[in-house]
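Peer 1: For reference, the chains in residue letters:
6 protein chains.
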Amino acid sequence: MPQPDHVSALRVADPTDLDDDLKAAYAKCVEKLGFVPNVLRAYSLRPQKLRNFMAMYNELMLAPSGLSKLEREMVAVVVSAANRCYYCLVAHGQAVRKISGDAELGEMMALNYRVAKLDRRQRAMLDFAWKLTQTPNDVGDADRGALREVGLSDADIFDLAETIAFFNLSNRMAYALDMMPNREYHRLDR
Amino acid sequence: MPQPDHVSALRVADPTDLDDDLKAAYAKCVEKLGFVPNVLRAYSLRPQKLRNFMAMYNELMLAPSGLSKLEREMVAVVVSAANRCYYCLVAHGQAVRKISGDAELGEMMALNYRVAKLDRRQRAMLDFAWKLTQTPNDVGDADRGALREVGLSDADIFDLAETIAFFNLSNRMAYALDMMPNREYHRLDR
Amino acid sequence: MPQPDHVSALRVADPTDLDDDLKAAYAKCVEKLGFVPNVLRAYSLRPQKLRNFMAMYNELMLAPSGLSKLEREMVAVVVSAANRCYYCLVAHGQAVRKISGDAELGEMMALNYRVAKLDRRQRAMLDFAWKLTQTPNDVGDADRGALREVGLSDADIFDLAETIAFFNLSNRMAYALDMMPNREYHRLDR
Amino acid sequence: MPQPDHVSALRVADPTDLDDDLKAAYAKCVEKLGFVPNVLRAYSLRPQKLRNFMAMYNELMLAPSGLSKLEREMVAVVVSAANRCYYCLVAHGQAVRKISGDAELGEMMALNYRVAKLDRRQRAMLDFAWKLTQTPNDVGDADRGALREVGLSDADIFDLAETIAFFNLSNRMAYALDMMPNREYHRLDR
Amino acid sequence: MPQPDHVSALRVADPTDLDDDLKAAYAKCVEKLGFVPNVLRAYSLRPQKLRNFMAMYNELMLAPSGLSKLEREMVAVVVSAANRCYYCLVAHGQAVRKISGDAELGEMMALNYRVAKLDRRQRAMLDFAWKLTQTPNDVGDADRGALREVGLSDADIFDLAETIAFFNLSNRMAYALDMMPNREYHRLDR
Amino acid sequence: MPQPDHVSALRVADPTDLDDDLKAAYAKCVEKLGFVPNVLRAYSLRPQKLRNFMAMYNELMLAPSGLSKLEREMVAVVVSAANRCYYCLVAHGQAVRKISGDAELGEMMALNYRVAKLDRRQRAMLDFAWKLTQTPNDVGDADRGALREVGLSDADIFDLAETIAFFNLSNRMAYALDMMPNREYHRLDR
Numbered sequence: 001m002p003q004p005d006h007v008s009a010l011r012v013a014d015p016t017d018l019d020d021d022l023k024a025a026y027a028k029c030v031e032k033l034g035f036v037p038n039v040l041r042a043y044s045l046r047p048q049k050l051r052n053f054m055a056m057y058n059e060l061m062l063a064p065s066g067l068s069k070l071e072r073e074m075v076a077v078v079v080s081a082a083n084r085c086y087y088c089l090v091a092h093g094q095a096v097r098k099i100s101g102d103a104e105l106g107e108m109m110a111l112n113y114r115v116a117k118l119d120r121r122q123r124a125m126l127d128f129a130w131k132l133t134q135t136p137n138d139v140g141d142a143d144r145g146a147l148r149e150v151g152l153s154d155a156d157i158f159d160l161a162e163t164i165a166f167f168n169l170s171n172r173m174a175y176a177l178d179m180m181p182n183r184e185y186h187r188l189d190r
Numbered sequence: 001m002p003q004p005d006h007v008s009a010l011r012v013a014d015p016t017d018l019d020d021d022l023k024a025a026y027a028k029c030v031e032k033l034g035f036v037p038n039v040l041r042a043y044s045l046r047p048q049k050l051r052n053f054m055a056m057y058n059e060l061m062l063a064p065s066g067l068s069k070l071e072r073e074m075v076a077v078v079v080s081a082a083n084r085c086y087y088c089l090v091a092h093g094q095a096v097r098k099i100s101g102d103a104e105l106g107e108m109m110a111l112n113y114r115v116a117k118l119d120r121r122q123r124a125m126l127d128f129a130w131k132l133t134q135t136p137n138d139v140g141d142a143d144r145g146a147l148r149e150v151g152l153s154d155a156d157i158f159d160l161a162e163t164i165a166f167f168n169l170s171n172r173m174a175y176a177l178d179m180m181p182n183r184e185y186h187r188l189d190r
Numbered sequence: 001m002p003q004p005d006h007v008s009a010l011r012v013a014d015p016t017d018l019d020d021d022l023k024a025a026y027a028k029c030v031e032k033l034g035f036v037p038n039v040l041r042a043y044s045l046r047p048q049k050l051r052n053f054m055a056m057y058n059e060l061m062l063a064p065s066g067l068s069k070l071e072r073e074m075v076a077v078v079v080s081a082a083n084r085c086y087y088c089l090v091a092h093g094q095a096v097r098k099i100s101g102d103a104e105l106g107e108m109m110a111l112n113y114r115v116a117k118l119d120r121r122q123r124a125m126l127d128f129a130w131k132l133t134q135t136p137n138d139v140g141d142a143d144r145g146a147l148r149e150v151g152l153s154d155a156d157i158f159d160l161a162e163t164i165a166f167f168n169l170s171n172r173m174a175y176a177l178d179m180m181p182n183r184e185y186h187r188l189d190r
Numbered sequence: 001m002p003q004p005d006h007v008s009a010l011r012v013a014d015p016t017d018l019d020d021d022l023k024a025a026y027a028k029c030v031e032k033l034g035f036v037p038n039v040l041r042a043y044s045l046r047p048q049k050l051r052n053f054m055a056m057y058n059e060l061m062l063a064p065s066g067l068s069k070l071e072r073e074m075v076a077v078v079v080s081a082a083n084r085c086y087y088c089l090v091a092h093g094q095a096v097r098k099i100s101g102d103a104e105l106g107e108m109m110a111l112n113y114r115v116a117k118l119d120r121r122q123r124a125m126l127d128f129a130w131k132l133t134q135t136p137n138d139v140g141d142a143d144r145g146a147l148r149e150v151g152l153s154d155a156d157i158f159d160l161a162e163t164i165a166f167f168n169l170s171n172r173m174a175y176a177l178d179m180m181p182n183r184e185y186h187r188l189d190r
Numbered sequence: 001m002p003q004p005d006h007v008s009a010l011r012v013a014d015p016t017d018l019d020d021d022l023k024a025a026y027a028k029c030v031e032k033l034g035f036v037p038n039v040l041r042a043y044s045l046r047p048q049k050l051r052n053f054m055a056m057y058n059e060l061m062l063a064p065s066g067l068s069k070l071e072r073e074m075v076a077v078v079v080s081a082a083n084r085c086y087y088c089l090v091a092h093g094q095a096v097r098k099i100s101g102d103a104e105l106g107e108m109m110a111l112n113y114r115v116a117k118l119d120r121r122q123r124a125m126l127d128f129a130w131k132l133t134q135t136p137n138d139v140g141d142a143d144r145g146a147l148r149e150v151g152l153s154d155a156d157i158f159d160l161a162e163t164i165a166f167f168n169l170s171n172r173m174a175y176a177l178d179m180m181p182n183r184e185y186h187r188l189d190r
Numbered sequence: 001m002p003q004p005d006h007v008s009a010l011r012v013a014d015p016t017d018l019d020d021d022l023k024a025a026y027a028k029c030v031e032k033l034g035f036v037p038n039v040l041r042a043y044s045l046r047p048q049k050l051r052n053f054m055a056m057y058n059e060l061m062l063a064p065s066g067l068s069k070l071e072r073e074m075v076a077v078v079v080s081a082a083n084r085c086y087y088c089l090v091a092h093g094q095a096v097r098k099i100s101g102d103a104e105l106g107e108m109m110a111l112n113y114r115v116a117k118l119d120r121r122q123r124a125m126l127d128f129a130w131k132l133t134q135t136p137n138d139v140g141d142a143d144r145g146a147l148r149e150v151g152l153s154d155a156d157i158f159d160l161a162e163t164i165a166f167f168n169l170s171n172r173m174a175y176a177l178d179m180m181p182n183r184e185y186h187r188l189d190r
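Sequence lines, in order, name chains A, B, C, D, E and F.
Counting from 1, position 21 in the first sequence corresponds to residue 21 in my numbering; the numbering is continuous, with no gaps.
Counting from 1, position 95 in the second sequence corresponds to residue 95 in my numbering; the numbering is continuous, with no gaps.
Counting from 1, position 61 in the third sequence corresponds to residue 61 in my numbering; the numbering is continuous, with no gaps.
Counting from 1, position 105 in the fourth sequence corresponds to residue 105 in my numbering; the numbering is continuous, with no gaps.
Counting from 1, position 79 in the fifth sequence corresponds to residue 79 in my numbering; the numbering is continuous, with no gaps.
Counting from 1, position 115 in the sixth sequence corresponds to residue 115 in my numbering; the numbering is continuous, with no gaps.
Just chain A, same shape as in the assembly (with noise of 0.2 Å):
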């Protein structure tokens, strides 16, 4: 499959260049997804920036949390339908129709989260994603009461929190380096 003219705006690394454990990195990936995902090619530039990011977003989206992985990459591609970030609605929006089975609920999110039907526990933390994203100084003591009473504790709103929050970082990665997502997440799961 021909793959989009550009990872990056900027310049990337020869995969044969790196580090062995960032080539074992790269090789996990092949074997997992088929490819290596162009955000870690982008990353490459800067090796120990891609190990910390590798770290983060694997602790954040793979790790054991209250919130479920379906939830984790939903809120993901929530906040990036909010920045409409490209290369993140189509990377994390394969996520959600994989994990979930249903095709509908990637479009939802990717599209407007408003529409679907959702239970009150995922919705709470859809607009709580939504707003921290857009418009920060409006959250308050309210916003946490809401998820509370929908049954997050204080572990599952820090980790929520931190997904959205780690979203808006990596929207903006995507941004500043024009990154295009590979092509094969396009095909999956429809």
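Keep in mind the hints are simulated off the structure, nothing from the lab.
Fair warning: this is a prediction, and the values are worked out from it, not measured in the lab.
It cannot be assumed that every hint is accurate.
Remember, identical chains collapse to one label, so a pair may be satisfied in a single copy or spanning two.
[To be verified] Restricting the straight-line Cα-Cα distance to at most 25 Å, the calculated cross-link-like pairs of lysine to any residue (SDA-like) are:
no. : residue 1 : residue 2
1   : Lys28     : Ala142
2   : Lys69     : Arg11
3   : Lys131    : Ala9
4   : Lys32     : Asp19
5   : Lys131    : Leu188
6   : Lys28     : Arg114
7   : Lys117    : Leu40
8   : Lys117    : Gly145
9   : Lys131    : Arg114
10  : Lys98     : Ala25
11  : Lys23     : Asp127
12  : Lys32     : Ala124
13  : Lys117    : Asp178
14  : Lys117    : Arg11
15  : Lys131    : Asp141
16  : Lys117    : Arg41
17  : Lys98     : Met180
18  : Lys28     : Ala116
19  : Lys131    : Asp19
20  : Lys98     : Leu188
21  : Lys131    : Arg121
22  : Lys98     : Arg41
23  : Lys131    : Asp14
24  : Lys28     : Asp119
Following the hints, put chains B, C, D, E and F in place on chain A, whose structure we already have.
Peer 2: Just chains B, C, D, E and F now, with coordinates in the frame of chain A:
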């Protein structure tokens, strides 16, 4: 000095319960700064996330880079001003005062960076920080071009972008958790 | 295929009660698309308004024009993306996929048209669509000039303007009535 | 009375070249109003689109509806005020003055409808018009509920929604073509 | 002529209780205009503040300046349009009609000044008024340069700036007190 | 102490050329503050306007009122924070520090007043200041009601409103003239 009535709106770990590596990190802060920054105490609710946060922060703000430490702190403050994040404005405003030895420069970064008499390179970096924070969807090739014109390399643009992106993350953590800064910052380097 | 739990937040006419011309219009949709688009069912509450809507739509999207059918559908999607209108993004995103044979182009139009590699003419049309939708008060002679520069005639500018204006109408009808698109769109032309 | 220096930024058809049905439509305007509204002259560049526009307009503003003609004109003006559309404010501001016999009511609709002393039904309709125009993504069940509470039926809500949507269309056509209203409107019904 | 149901949402002084200088000021208004502008009655709750307001207003709008009285009134209306201030639009819209003898010019200033055919000097002043009102943080040397290019001296720029600034004050007083204009304004100079 | 490279982007009167009353006003400032505030020097280009500005300012900030001097200064800083006005934030931030004897309170007002632990009365006044500054068109009876509920009289609401309105004026003068504050403010009352 009496501290604010809370560090975080969420629960905070008892320092005596932390793993040894985190106890050591706290001790190092006390040694260098005289206190443990409240952001670390707020993050201690989720120890692995605290480790990742510190790793990313230390690499970004302290590791070798084409951007000086002062430039990175100026970017931190301007992003936090755009987002009106009290915690980060207080903590990193102090850092600008300390590194630059210029208390007014710290005030200008926190209140309105456009009034400062800066060289073209610094002004371009701060304009990029403001735009990537406020209207990321409008960032394009012309903005990267403006950074190259004042001498930034690809690696410099990467480091600048990730600094901006990181404070968009940490500002949102501060809002989500209602983090309050240690009162010591106010008195330092005036 | 199970349909969404509602077509419109308002009452919808029983198809067997419709006048013959509208029954024929429904039948024609089933013949061509396999189903009656929910927007028509939502409009059937007010039959004469349905006739006018179909007449305007058909002229705008299907009649001869200096704008290709693909260009008109791209404009429809970009306007709907600006307004975050789920119904129109789903229905016209599918049309872009079908006419272009390029599923990614449909995604780009729906998520962020600025990442697409377009010729200057198409880019100018979509920039105009975004601006006339989001900040109409800022549209002026320079914007019309930019369209003329890429070869649009007066009639082409008119057709472009009315396409943009029409989807600002239909996006608002979709929001006001909470219209849900037929689920068939999701599966088509991936 | 000298007319503005242009009717539209685009070419306008010579009235003597129009098809007979359009000539008749022009003649009817002259008979009723004393002049041909410039919006029709601007649309005459694309005759079939002019026919569709007139059909939709006449049904919406003049056909039987649960909304009075004055209410529809008030909605037209408030939408146009939100969009700051000079053409529609002048033309429909005059209509409000004429139908209501209250010149100040016309001014209030055009300048800031919130200062007018209206009954609850009219205020609810205008609040809905403002919101559906400015922030359609925030319209939800509560907004439809507020309309039902003041007595609007499903058909009334439909007619209100389409009136709002239509002026979002026509405001954008006025901006895109830089339409100037006939000067006669200014003098009428003061 | 029946007056609006209130002058201000706050208490208003009984005119017979006012100090002699303020009684004289009221009398002068009646002599010149036929009535006491409601803004003065609203301000009479705080007599010394009324004196200061009148002094600033009279100097700004009536004293010798490089800006003509019509230009100052045009600025007043454009600022008030940006802020959608009903009181000031009604009162100063009438002033533009009276001084210019051009009722349409008054309408254009109140509804959308960009449609008016103005000389470059007036257009530059009104563009500055719009920007300083809506996005003051974006005003910079280039904006002052644009005023100098059309012939404004330092004193002219000062007078322009203070006129804009003053109506940002008075628009907010009108909103805060819900001031309603005297109904006489509507009828005058049409 | 070296002063900023400019006081105003416009010409400033030579103090020795001023009328005696203005010379006396300057002398009084030097006596009380140790320097002439740059806003007065910037205004000296137009002496009568300087007189009016000082009269309004002195009445508003220093005359008897139901609002304490500290409350008035807190309002001044919060309005200036909303508008990001460097001059007024520096000058009135110092005033809050001085009157309250609480340097952190000054920082909170300048950076984000919502983090401060205030009594209900002060919080209500500052919320009103933010709203009347940022979205005056949304201010209504409910907002005045909220002020009455915390004990403000009609005269108090008037004084609060005019303080807010006045700093919307002076913030815009500072932007229009690019006024720079005297450097002495930075050092005082830390």
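Peer 1: It remains to establish, for every hint, whether it holds in the given structure.
Peer 2: Against the structure, the hints come out as follows:
no. : hint            : verdict
1   : Lys28 / Ala142  : neither (43 Å within a copy, 36 Å between copies)
2   : Lys69 / Arg11   : between (32 Å within a copy, 23 Å between copies)
3   : Lys131 / Ala9   : between (30 Å within a copy, 17 Å between copies)
4   : Lys32 / Asp19   : within (20 Å within a copy, 33 Å between copies)
5   : Lys131 / Leu188 : neither (30 Å within a copy, 33 Å between copies)
6   : Lys28 / Arg114  : neither (36 Å within a copy, 32 Å between copies)
7   : Lys117 / Leu40  : between (34 Å within a copy, 23 Å between copies)
8   : Lys117 / Gly145 : both (22 Å within a copy, 19 Å between copies)
9   : Lys131 / Arg114 : both (13 Å within a copy, 17 Å between copies)
10  : Lys98 / Ala25   : within (22 Å within a copy, 38 Å between copies)
11  : Lys23 / Asp127  : neither (39 Å within a copy, 36 Å between copies)
12  : Lys32 / Ala124  : neither (32 Å within a copy, 41 Å between copies)
13  : Lys117 / Asp178 : between (33 Å within a copy, 13 Å between copies)
14  : Lys117 / Arg11  : between (43 Å within a copy, 20 Å between copies)
15  : Lys131 / Asp141 : both (13 Å within a copy, 20 Å between copies)
16  : Lys117 / Arg41  : between (37 Å within a copy, 21 Å between copies)
17  : Lys98 / Met180  : both (20 Å within a copy, 23 Å between copies)
18  : Lys28 / Ala116  : neither (34 Å within a copy, 30 Å between copies)
19  : Lys131 / Asp19  : neither (40 Å within a copy, 34 Å between copies)
20  : Lys98 / Leu188  : both (8 Å within a copy, 18 Å between copies)
21  : Lys131 / Arg121 : within (16 Å within a copy, 27 Å between copies)
22  : Lys98 / Arg41   : within (23 Å within a copy, 32 Å between copies)
23  : Lys131 / Asp14  : neither (39 Å within a copy, 31 Å between copies)
24  : Lys28 / Asp119  : neither (35 Å within a copy, 38 Å between copies)
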